[in-house]
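Spelled out from the first residue to the last, the chains are:
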Amino acid sequence: MNNIYIPHKARIASIKQETADIKSFQFELLDPEVRKNFKWKSGQFLILSVFGVGEATFTFANPQTRAEYVECSIKKTGLVTEAIHDLEVGDIVALRGPYGNWFPFEKFKGQNLLFVGGGIGIAAIRSPIEYSLDTRADFKDITILYGGRSPLDICYFDKFDEWQGKKANLVLTADKGSEGWKHKVGFVPAVLKEMKPSRDNCTVITCGPPIMIKFVLKELTDLGFAPEQIVTTLEMKMKCGLGKCGRCNIQQLYVCKDGPVFDYAEIKKLPDEF
Amino acid sequence: MANKLITQENLKALVNELAASYDVFAPKRENKNTVSFGKLQSFEEYVSGVLLTNTTAKDKVYLQSEQLFQYELKKDTVEFKEKAPGKEAVIFGGRPCDARGFDVIDKLFNWSGYEDGPYTGGRKNTTIITVSCEKPETTCFCTSFAGGSPADGKGSDILLTPVSGKFLAELLTERGEKLAAKYSKYFSEAGDAETAAKAEFAKAAEAKITKKLDLAAVKKNLDASFDSPYWDTVHLPCVKCGACTYVCPTCYCFDITEKKFGYLNGERNRTWDSCMSEMFTKMAGGHNPRTDTKRRFRQRFMHKFRYHVDNFKEELCTGCGRCIRRCPVGIDIRKVVEEAK
Amino acid sequence: MEKEMQEIAKKLLAEKKVDWVIGYENSFEPGASRPVFMNKPEDAVKLVFNKSCVNNLAVYLPKIKKQKAAVVAKGCDLRSVREIIKEHQILRENVVIIGVACEGVESSKCSTCTENKLDGVDFTVGTVKDLGRKEDMSDIEKFEELSSKEKEAFWNKEFERCIRCYACRNVCPVCYCPDCFANRLMPEYLNKVVNTAENKVFQQIRMQHVFGRCTDCRACEEACPVGIKLSLLTKKMSKDAKKLFNYESGKDTDSRPPLSTFKVDEEGIAEIM
Amino acid sequence: MARIGVFVCHCGTNIAGVVDVKRVAEYALTLPGVKYAIDYKYMCSDPGQNAIIEAVKEHKLDRIVVTACSPRMHEGTFRKAAERSGINQYMSEMANVREHDSWVHSDDKEAATLKAMKLMEMSVAKVRRSEALSKMYATVEKRALVIGGGIAGIQAALDIAEAGHKVVIVEKDPSIGGRMAQLDKTFPTLDCSACILTPKMVAASQHPNIELRVYSEVVEVNGYVGNFDIKIKKKASSVDNKKCISCGVCTLKCPSKRAQSEFDEKIAPRKAIYTPFPQAVPNKPVIDREACTFFLTGKCRICEKVCPTQAIDFNQQDEVVTEKFGAVVLATGFDIFDSNVYGEYGYGEYKDVVTSLQFERLINSSGPTEGHVVRLSDKKEPKNLVWIQCVGSRDESKGRPYCSRVCCMYTAKQAMLMKEHYPEVNCYVFYIDIRAAGKNYEEFVQKAQNEYGVIYLRGRVSKIYEKKDKLIVRGADTLSGSQVEIVADMVVLANGLEPRKDAKSLAQLFHVSYDQYGFFTELHPKLGPVETAIAGVFVAGACQACKDIPDTVAQAGAAASKVLGLFSKEKMEVEPLIAKVDPLVCSGCETCYNVCPYSAIEMEDREVSRGNLKHVAKVLDSVCKGCGACVGACYSKAVDLKGFSERQVYDQIETVTQ
Amino acid sequence: MEVKEKKLNIVGFLCNWCSYAGADLTGLGRNIYPADIKIIRIPCTGRMDPMMVIEAFHKGADGVLVSGCHPGDCHYSEGNYYWRRRYAHLKELLDFFGIDKRRFHASWVSASEGKKFAEVVKKVVTETQDWKDSNSK
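Protein chains in written order, with numbering that gives the first Met the number 0: chain A, 0 to 273; chain B, 0 to 340; chain C, 0 to 272; chain D, 0 to 657; chain E, 0 to 136.
Hints are computed from structural coordinates only; laboratory data are not their basis. The beta-carbon is built from N, C-alpha and C at its ideal position, and this holds for glycine as well. Careful: at least some of the hints might be erroneous.
[Unchecked claim] Stretches of chain D that chain E covers, calculated by requiring three or more beta carbons in the stretch to come under 8 Å of a beta carbon on chain E:
1. 85 to 98
2. 103 to 109
3. 224 to 234
4. 275 to 284
5. 617 to 626
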């Protein structure tokens with residue numbers, strides 16, 4: 000029987016506490032054969048099993064160019080994520096995937112890239128950021144705008160040096176600053192407005208809370224960006240990841256199958272049900 | 000494929016013999032008002048006259064709750080155990096709309112590049128023997144759909160139609176032929192007369208179905224009506240239970256959950272889910288894209304008559320009318336989609 | 000009678016006394032009816048009342064909290080309306096009750112109905128007659144006599160076919176919780192898996208929750224797509240509420256449900272400990 | 000991230016003698032989340048606690064389970080140990096394997112060990128779901144409200160005021176003083192009641208921290224300990240107190256004779272504009288509108304004409320003010336039992352059957368007869384007087400099974416006073432038995448009998464009837480076993496005490512519970528005699544139970560000290576193990592609001608999420624005591640109780656049954 | 000007592016102030032009772048949600064005992080009155096569903112009734128065993 004619901008076994012190889020409620024995990028697939036053949040592309044997602052609790056969907060936080068482990072950054076929001084946060088290095092989990100589509104980098108070649116991330120949304124664009132940095136020559140300017148509620152809510156501090164080292168222009172902002180915070184203070188859309196990125200030959204990859212996305216889109220539209228230039232990844236409740244269980248259905252699309260990566264032109268055609 | 004004949008007596012004998020070696024599911028009386036597909040011990044239990052069993056035969060293949068696998072956590076690993084394949088089964092006495100439902104969801108479970116083993120495994124294991132309907136109900140509207148008819152065999156392996164005191168048995172699939180061959184002693188050859196009689200039967204039965212949806216118009220209206228104020232009021236009588244989805248032969252949405260036994264063991268289960276439920280799309284953080292009842296109500300009809308058509312070129316509905324009859328508040332799917340604008 | 004009802008509805012809508020009139024309209028086949036929501040005076044002609052008007056329309060009231068609605072209510076439904084008002088799900092001033100003098104609909108409850116009086120309604124349609132029917136608890140008493148094993152076997156058979164569509168819950172006027180325990184994950188009160196044991200637990204808890212609030216209106220039984228005999232349970236509970244706490248739900252709008260109050264000296268539950 | 004440490008105590012041989020503690024510790028290590036487990040001789044000892052602290056540090060534990068004795072014994076100890084080790088004190092649990100296991104299952108060591116493992120496992124399951132909680136604090140409005148201006152209220156107010164806090168006394172009558180002001184002399188010292196009370200009344204009225212609100216009532220209560228919002232209604236007195244100079248001319252000139260003096264127990268008339276008694280505090284008259292000729296007929300206005308300062312204001316209205324208080328003392332006192340219930344005594348029918356309070360007024364030199372005891376029927380001095388005790392006390396058949404505690408004493412007092420004033424009269428007392436348990440009380444009663452010659456007859460009076468101008472009192476003398484008949488001129492009923500008629504409605508305003516008679520229920524009959532179940536509400540005096548003046552004063556002082564204790568802190572510490580409502584899930588059915596014994600639940604209309612205005616429950620943190628009645632009652636499971644949360648309990652249930 | 004093949008699984012919910020303390024006293028007095036009961040401490044029987052009882056039976060408990068303060072003695076003044084009502088109806092309801100009355104018990108045990116608690120547990124165990132024996136026939 001072709002049981003597509005049986006996941007690959009994996010063990011937790013490392014855990015890093017990013018913020019009070021976000022941790023980054025590295026998973027190592029147990030079966031060497033599976034490990035060898037397990038390939039994904041930036042933008043795709045996986046379904047993680049925590050035994051005793053159930054499954055939940057996460058995007059790959061690392062790109063295919065750094066595929067030693069499978070990495071996810073996970074915020075504690077519900078039952079499964081709470082249980083994942085309870086796990087320790089060496090604990091056994093399982094995952095299935097990769098599922099969904101990916102960022103069409105071949106289309107972005109030779110362009111400027113602007114990444115706009117907010118909150119845990121950064122987990123979804125860390126992979127394309129690092130992918131673009133690993134294939135740096137394919138792109139022109141790479142700018143990363145990343146904001147959190149407060150300085151304490153910013154993840155990936157350990158990665159920033161490397162990103163900047165590879166000639167990415169990193170702009171950090173916090174809704175509310177604190178002592179010692181040397182970066183910007185303000186909401187992501189406001190900072191974006193201030194940055195005035197040029198629309199010419201530029202693709203924007205964005206992910207964040209719905210309210211942020213809404214205003215980022217508005218700012219970008221004001222700056223003259225065409226909907227096709229803006230790419231995001233949608234978050235929907237998913238169970239199967241296989242285009243069957245029906246809950247990520249928006250119009251004729253199944254986010255798990257046809258997404259999660261969409262450009263704004265496609266999204267504009269969809270009803271407001273995500 | 001071949002057509003055969005089987006007499007009433009032989010049918011009884013066949014079913015009784017099948018019941019000995021297969022799981023035979025057929026309409027069975029549960030109580031005064033309830034007839035559902037249940038495991039048949041003998042032909043006597045079969046309730047022949049009922050068109051609309053309370054629930055469909057869907058759950059005899061696509062179980063309402065199905066174990067996907069069991070796990071056992073070991074030191075440094077985990078082991079999975081899959082359920083042994085079930086006994087071969089026969090679904091007997093369902094109606095063309097029930098069988099058609101399987102045809103519709105078969106496509107879905109083989110779609111998107113993934114074959115859904117837990118479903119297709121059971122499906123391949125099941126032979127569907129359907130009986131044509133002579134006197135359709137007021138809620139029936141199968142003829143609205145392409146090829147839909149009270150005597151249509153889509154999805155069936157064998158279709159039985161009463162003709163001249165016997166049944167014409169149309170063997171529609173390999174599975175159907177195999178079964179008929181195995182029990183060939185009960186069948187005799189059918190001639191053109193019987194085939195013609197069947198056509199007459201179908202025509203007569205179809206004529207009795209007065210309600211026919213103009214599906215092209217429905218699709219067009221639904222395409223345009225997503226933001227229509229129509230949905231603001233039409234959903235009001237709906238109480239948002241899941242009865243319609245659970246009695247539907249084509250509703251396929253499901254949930255995957257876990258049940259644990261102690262610290263180390265557990266099972267992963269798949270259970271039908273309903274787009275009418277608030278939990279269907281509610282995310283862990285509390286965000287719910289279809290938070291209000293209007294959106295959930297609209298989703299059901301849009302999915303069945305618009306989105307699914309976009310993807311599969313057919314409606315997610317077979318016109319059985321069960322949802323109309325089983326709806327506690329009498330919501331009529333025909334009316335809802337027809338009036339959408 | 001229908002004419003009278005239509006006139007009232009028309010007037011209420013025309014004078015904008017209410018946003019909605021909730022009543023019954025003809026349904027998919029002759030002799031069938033279903034609930035209808037109307038907000039235009041010209042729609043009022045749709046209103047019907049006949050033996051098929053089984054639905055308890057009180058279930059809709061908590062959902063239109065912020066608006067004003069007129070609702071067609073039989074004597075039995077009226078009890079649910081009162082219960083909902085009592086439990087603060089709607090304000091009395093926001094609901095116009097159109098009471099109908101009912102002599103019975105196609106429901107199992109009607110043969111023993113003693114509830115067709117229409118005290119406290121805003122409009123009365125028809126004339127209330129004394130139906131001369133009597134309460135009959137003999138079926139409950141008979142069931143109580145069974146052994147635990149027999150009782151369990153009976154319910155196992157009933158709940159084996161439950162499909163957990165939650166129609167029973169969703170048509171129940173007093174099951175208005177915005178988030179039912181059955182949906183919860185932390186803790187998980189009920190596993191999603193549909194099997195006899197879980198189905199039974201759901202109904203045990205639901206019945207416990209509606210105890211002393213349930214008016215034995217039978218909406219759940221009428222709604223059940225697989226014909227589970229829920230009236231046995233609801234009737235048992237109304238019997239217990241009366242016997243243990245001398246309480247009948249839906250008789251007024253201000254007394255406290257039996258589990259929301261207590262007496263230092265309980266007469267109904269003599270030394271139970 | 001659960002990193003649980005399990006510490007299995009031997010308790011010498013108390014546990015280890017029965018339970019295989021090693022096995023329990025080993026089993027613990029197999030449980031998910033348990034990173035460390037040891038067994039140790041005495042966990043509660045200093046080395047034991049230090050072992051916990053070190054283990055927490057070394058193994059980075061974040062929760063601990065101590066498998067030892069009852070949490071009622073050592074929960075505090077290990078919470079403190081947890082805190083010292085750097086983890087939140089509420090992240091510790093105990094498994095009770097001594098009282099609930101080794102001591103009661105010593106007959107079956109294997110079963111006891113298995114049970115110990117299970118109990119430990121349950122505590123591990125519970126602690127896994129524990130949340131770090133911090134101590135909570137609430138602000139305190141340092142202003143007290145005393146309800147009732149009798150001796151209890153006055154004393155409590157003075158004590159609080161003396162300590163430097165503001166106090167408001169609310170009194171429903173036009174003057175403070177209460178019952179004590181009506182009395183003549185007090186037992187057992189026979190000192191004059193007014194002489195000891197009046198200075199207190201004056202002190203209260205003149206104290207800079209005390210504000211008197213007479214002729215006022217509490218009408219609504221909101222809020223909770225430290226922050227009560229209380230509505231007080233001041234009834235219209237029709238006199239402008241700022242202008243009134245208390246000259247008394249208005250009362251003198253008032254022609255109305257309709258009303259009977261409440262203060263004199265209705266044995267004398269009073270004017271429509273009046274002060275209840277000459278020494279009233281404040282000494283400002285009020286107009287009884289039901290008796291006032293002007294209010295009844297529209298004519299008269301004599302008081303207005305004679306008032307030298309134009310203080311009469313017929314247009315005055317009731318006034319309601321809302322004020323904030325941090326604490327409340329209920330001191331509403333008592334009524335006497337309704338004599339009419341005893342039909343056989345002919346009260347009301349025979350004018351010379353009087354209540355004990357009426358007798359107090361008769362013998363009081365400031366009373367209507369200026370201390371001359373006369374029959375109400377013919378104003379003649381009585382020669383033979385009979386007291387009947389236990390009128391409305393110790394009488395199950397009249398619904399008053401309790402002893403009123405003061406009647407024996409005041410009967411003796413009244414008889415003695417009678418003898419003192421009129422040595423030639425005969426005083427008889429019918430009694431059931433004498434309760435004189437107080438300092439110098441028994442001696443006092445003995446003195447009445449032996450020195451004053453009051454005749455005590457043990458028995459009940461069965462009937463009183465009138466014969467010419469005499470009252471024939473027929474009763475039993477159970478000591479001699481004979482029927483007696485006394486020809487009396489006057490009969491005094493020693494009425495028992497009961498709560499004020501309106502005490503129940505006041506209790507309901509405050510959600511203070513009361514017993515079947517209406518006495519306010521104290522928090523604990525022994526250990527919380529002045530507190531109530533409602534934090535910040537205290538009781539003093541006869542409203543809580545029958546008591547005499549010294550006990551009342553003592554309790555008033557105690558209540559005051561409780562108030563002062565509360566006021567001694569800027570903020571109150573409150574236990575964080577309280578209920579919490581999830582407004583998104585709440586259905587607003589008010590079930591929790593109905594069942595909360597502390598009124599700790601408030602219903603509010605609130606926007607729970609954007610655009611979603613709902614009627615939902617809210618827990619008032621500083622009022623909630625964490626009983627969980629709301630959680631047990633909530634149908635939508637919108638309420639949860641910290642420390643005994645749904646997840647904790649359900650995980651424990653799951654652990655027991657698996 | 001005879002040796003049983005299989006132990007019973009009985010869940011005891013005891014209120015912190017009376018019955019839990021009473022059970023402590025049982026221990027202090029070394030009054031032996033069967034080990035089949037495992038105790039969950041709750042603040043008050045008012046905290047007892049009937050769902051907890053249903054869940055316990057659902058998860059496989061053979062018996063359930065809920066014990067609290069005597070009426071009038073509740074630490075929180077009223078909790079046990081509410082529980083008394085819930086119990087009265089829940090027992091009926093569960094019995095109607097086929098959960099035998101011998102399996103579900105409630106008692107009042109004060110902090111000073113150590114001996115009584117042992118007696119209560121013995122009674123619960125005996126009755127539950129009785130049910131189990133009759134049910135397995």
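Status of each hint after checking the structure:
no. : hint       : result
1   : 85 to 98   : holds (count 3)
2   : 103 to 109 : holds (count 5)
3   : 224 to 234 : violated (count 0)
4   : 275 to 284 : violated (count 0)
5   : 617 to 626 : holds (count 3)
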